[in-house]
Amino acid sequence: MAVLLRDITLGQFFPGNSLLHKTDPRYKIIIAMVYIVSLFLAKGVLSYALVLVFTFAMIIFSGIPLRIVVRGFKALMFIIAFTAILNIFWTKGENLIFEYKFIKIYAEGVTYAVFMILRLLCLLTGSSVLISYTTSPIALTYGIEKLLAPLNLIKVPVHEFSMMMTIALRFIPTLIEETDKIMSAQKARGADFTSGGIIKRAKALIPILIPLFVSAFRRADELAVAMECRCYNGGKGRSKMTKLKTKPLDIIMLLVFSAFTAGIILLNGITLF
Amino acid sequence: MAKIELCGVSYVYSSKTPFEKKAVNNIDVAIEEGSITGIIGHTGSGKSTLVQILNGLLEPTSGKVLFNGADMHAKKTKLSDIRFKVGLVFQYPEYQLFEETVESDIAYGPKNMGLDKAEIEKRVHDAAKFCGIEEAILKKSPFELSGGQQRRVAIAGVMAMTPEVLILDEPAAGLDPQGRSDIFGGICEYRRKTGATVIIVSHSMEDIARYCENVLVMSKGEVFDYGSCDKIFERSDELEAIGLDIPQIARLLRRVGEMGVSFDKNIYTVGEAYRSIIPFIKGGGGSAS
Ligand SMILES: Nc1ncnc2c1ncn2[C@@H]1O[C@H](COP(=O)(O)OP(=O)(O)O)[C@@H](O)[C@H]1O
Ligand SMILES: [Mg+2]
Chain V
13 MAVLLRDITL GQFFPGNSLL HKTDPRYKII IAMVYIVSLF LAKGVLSYAL VLVFTFAMII
73 FSGIPLRIVV RGFKALMFII AFTAILNIFW TKGENLIFEY KFIKIYAEGV TYAVFMILRL
133 LCLLTGSSVL ISYTTSPIAL TYGIEKLLAP LNLIKVPVHE FSMMMTIALR FIPTLIEETD
193 KIMSAQKARG ADFTSGGIIK RAKALIPILI PLFVSAFRRA DELAVAMECR CYNGGKGRSK
253 MTKLKTKPLD IIMLLVFSAF TAGIILLNGI TLF
Chain B
-11 MAKIELCGVS YVYSSKTPFE KKAVNNIDVA IEEGSITGII GHTGSGKSTL VQILNGLLEP
49 TSGKVLFNGA DMHAKKTKLS DIRFKVGLVF QYPEYQLFEE TVESDIAYGP KNMGLDKAEI
109 EKRVHDAAKF CGIEEAILKK SPFELSGGQQ RRVAIAGVMA MTPEVLILDE PAAGLDPQGR
169 SDIFGGICEY RRKTGATVII VSHSMEDIAR YCENVLVMSK GEVFDYGSCD KIFERSDELE
229 AIGLDIPQIA RLLRRVGEMG VSFDKNIYTV GEAYRSIIPF IKGGGGSAS
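From first to last, the protein sequence lines are chains V and B.
Using the working numbering, the letters of the first sequence correspond one by one to residues 13 to 285.
Using the working numbering, the letters of the second sequence correspond one by one to residues -11 to 277.
In isolation and in its complexed conformation, chain B is listed as follows (with noise of 0.2 Å):
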């Protein structure tokens, strides 16, 4: 079942005015119950946008976002129970910390569901294990803490809502590799146990072909394409004409399967790369795969 479904759905930003921007155009889209999506495209092409119009902050200019199957923005829905079931990380997450404590911070967001006290300790003490983040940082101030760090809290704020769909907007722009990995393996670590749905936005094409199924392609406003990621990236030639790319690893086999050794078309991360080269090279050459 379509946990989201985006019908004909258009934000016009700063409408009637001279600044005049359209940002999302027509957008048809259905993401499913439990999946985990990556979203991608240029800057600017309208990935912030359409993420907060998955939760209800921004109200399309026109065409319908359901949930559940339920026109969100009907009358008789609460938005306010919609942001708490539709969680949306920001981009930079880490400047909308302000509270004395980290474990204040998190339980910011419980706290507005109207949950209980004990309830509340549960749900931080979850998220923070979710995100990595150790019982003594609980304690001190945000301010106190590294860029990779404060990124944990306020991801963890969000997750301590427990929500059935997270969306996470570049949650690990501008963090190191080990920074990257750990974000990412406690967005998948929340998936596994509470069996949410997950939609990434990200820049690199690295991280959605190892950690998401499918793959949103946003050009200039419009989808691109939408789709498993092997169906996405076949089109690699297209994808380049819209100034993204397919992932290193899978580009340098597509070299090599030119020059005459064929590997699976469908590796896109290093661990499958390497898990069919390897054979290949003990093999002492000749076809693979």
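Bound conformation, chain V alone (with noise of 0.2 Å):
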């Protein structure tokens, strides 16, 4: 389980110095929405190929090594395996080229399919390179809360919501190193979390969840009296230390990302056959 928990690059920060990296995350968060705007308009072979190849440009330019973007599919490959079998079994089309009793595989279907996988392989790469690996969660968690601002005029608490995620953000990697620890300690008594059934297994995970919660309300406790203790109370007339300011480069990577979409847009209507 410690191996799965740091599998999970989903969601993890790499830092570095690259443009994207660079860029304000408000901007970030529209171009993500952009690009995965631009995927679903997708249709035909040559707009996939830009995508494709607007994709890889991401991620070399990201300065992420491929290695960890490809370990990042493992935990989609269920789903993934899903959609592509769904889509190959169901699709109903004019070129049938696999009959064997009740079973029938039609060419759409499997064009689709083979779509259906890169746009979901590319919508993961693309949130993620965009989003999780070049931005620090809190940088991520401020640039929300200033895109979501105009709630507030409609009482949403949107300060409230983001402090809630910077907390929780804050405390992932810390409860993770926490149920390693715990873990290892227990190991050292002879726990064994790998064998057995199903049930065994589960019981095996009592050992580490208790002290987990206990430590995790702790923690909570001890944070609500810090922060008290620093006067904190709520929104109301709080100023940042670093004020998100527009640059040059977000205005760029801003039109970068539009002319992708145009460019999709475009090839949509160009048909190769």
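Hints were generated in silico from the structure; no laboratory data involved.
Note that the coordinates shown come from a computational prediction; the quantities given were computed from them, not determined experimentally.
There's no promise every hint is true.
What the hints assert, rightly or not - Here are the computed lysine-lysine pairs in the DSS-like style, where the Cα-Cα straight-line distance is at most 30 Å: (1) B/K128 with V/K212; (2) V/K193 with B/K253; (3) B/K181 with B/K105; (4) B/K105 with V/K215; (5) V/K193 with B/K9; (6) B/K127 with V/K193; (7) V/K193 with B/K64; (8) V/K116 with V/K104; (9) B/K110 with V/K193; (10) V/K158 with V/K34; (11) B/K181 with V/K215; (12) B/K9 with V/K86; (13) B/K99 with V/K215; (14) V/K193 with B/K219; (15) B/K110 with V/K212; (16) B/K63 with V/K215; (17) B/K99 with V/K193; (18) V/K215 with B/K66; (19) B/K99 with V/K212; (20) V/K86 with V/K167.
Since each chain comes alone in its own frame, lean on the hints to assemble the complex.
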């Protein structure tokens, strides 16, 4: 399990110095949305080719090792396989390429499945490269808070939500580390998390979960007291140490991504065959 | 004979990621059977990593760990057996208590060993005795005890497995003087009764000088020096350079020595100092020892 926890690269920040790292988090959230919408607009071989090239370029520019990006796919393996199978067997078309009893596979189904897999992989890669890998969690929540600020007008406690998110994000690594420590300690007392049936394995988790909950509550308590001691009383009148300012780079990024969308729409119009 | 031997052991955390961190580097150390060894070093010098390598929780990135002369990570050795034989008490072990009663928490280790009920009960009571846990406390919930008591329960939980090697990572961190000496007293008692090899990680030179025969000094993931207390404390200037200190009483006696009154150089505990200062005072000055 310790290994498993480490393998979830989704939502893991990789410090770096690339242009993507330097882009304003507000803009990054917007361009991520632009990117995702473009993905769903793409139809046909040409536009998918553009998507692939663009996504690949994005990975190169971000400086994130390809190996790390690919490792992120593992978590989605099941969903990808599931969608692929569903599409292959249930899509009806005109060109039958395989038939066995009640199983019928059409060429359209295969094409559709391939596109679907590409779309899912790009979705995962794009959003993690644009957001999780290149944006620190704190910058990300700040960006979200700023983008959602208009909701304050209709009395949505945006700041409180973002504070909750910041705290949750802040404590995820701490909790993972703590889980690791508790697991090691129980292993030192002979705990075995990897053998036996499902009931035995579930039971083996008790010695981890109880200390983990106890310490999570203790931490929450201490944090609340510490925040009160520093006079935290919600969002009203709070200012930030570093203010977000739009830079030329942010505008350029936005333009590049808009061009990408335009490119896809254009290529959709051209038919190859 | 060497009980545990490290041959060129290195360990790297988060290998092959941007967070890669070399925690210990090329360590060669042999821990003698029956000895009591102190490990000391600055925070982050790799002490906790080292002790986890010693009981097989971490497999070294390179190098070999020999337990009783056999490779710990060889295919045929069962790591779980090693962990029962090399008991490790983590730093702040009180955060790992989880059972409903103190008794069943101490019994968790022995139960995992597959012992029968009578034997488990006997071991729980023995371990409780080593750690000074009264019978009345055994039936209580571990969560209603004081921090010091919880610590003792957690240590008893490892002693109940009667390991041949007992390793404790900063067992006395954050305790009051009484709590400290209770814990160390319990460890010495355990060692006396079972003849176990003991390794104690500590920040306090005083504690190490008082309870250990050998000292392993770590600095930046490497072994700075390893040997008897006398040999190590002689290098006090170099120790200071890596941010460590010799026991205060030894420093005091050295200062006094510089002023012209020389005592035995190898005095590191208050008790020894007392025994050599008092005759000096009674003798009305002059040269001691
Ligand atoms: N789980 C871990 N992941 C990554 N780095 C770690 C981990 N545990 C310890 N380290 C790093 O390894 C080094 C040695 O740590 P540690 O063995 O805990 O030292 P000590 O116990 O002497 O304070 C430190 O620099 C620490 O930051
Ligand atoms: Mg440590």
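Evaluation of the provided hints:
1. B/K128 with V/K212: The hint holds at about 26 Å.
2. V/K193 with B/K253: With a Cα-Cα distance of about 42 Å, the restraint between V/K193 and B/K253 is violated, given a limit of 30 Å.
3. B/K181 with B/K105: Distance of about 22 Å is within 30 Å: holds.
4. B/K105 with V/K215: holds (20 Å)
5. V/K193 with B/K9: Holds - the C-alpha atoms of B/K9 and V/K193 are around 17 Å apart, at most 30 Å.
6. B/K127 with V/K193: holds (27 Å)
7. V/K193 with B/K64: Cα-Cα ~27 Å, so holds.
8. V/K116 with V/K104: Roughly 8 Å separates the two Cα atoms, so the pair holds.
9. B/K110 with V/K193: It holds: about 29 Å lies between the C-alpha atoms, which stays within 30 Å.
10. V/K158 with V/K34: holds (17 Å)
11. B/K181 with V/K215: violated (35 Å)
12. B/K9 with V/K86: holds (25 Å)
13. B/K99 with V/K215: holds (14 Å)
14. V/K193 with B/K219: Roughly 35 Å between the alpha carbons, so the hint for V/K193 and B/K219 is violated.
15. B/K110 with V/K212: The given pair, whose Cα atoms are some 26 Å apart, holds under the 30 Å limit.
16. B/K63 with V/K215: Holds, at about 28 Å.
17. B/K99 with V/K193: Roughly 21 Å between the alpha carbons, so the hint for B/K99 and V/K193 holds.
18. V/K215 with B/K66: Status holds; Cα separation ~23 Å.
19. B/K99 with V/K212: holds (14 Å)
20. V/K86 with V/K167: violated (41 Å)
When held up to the earlier numbered hints, the structure conflicts with 2, 11, 14, 20 and fits the remainder.
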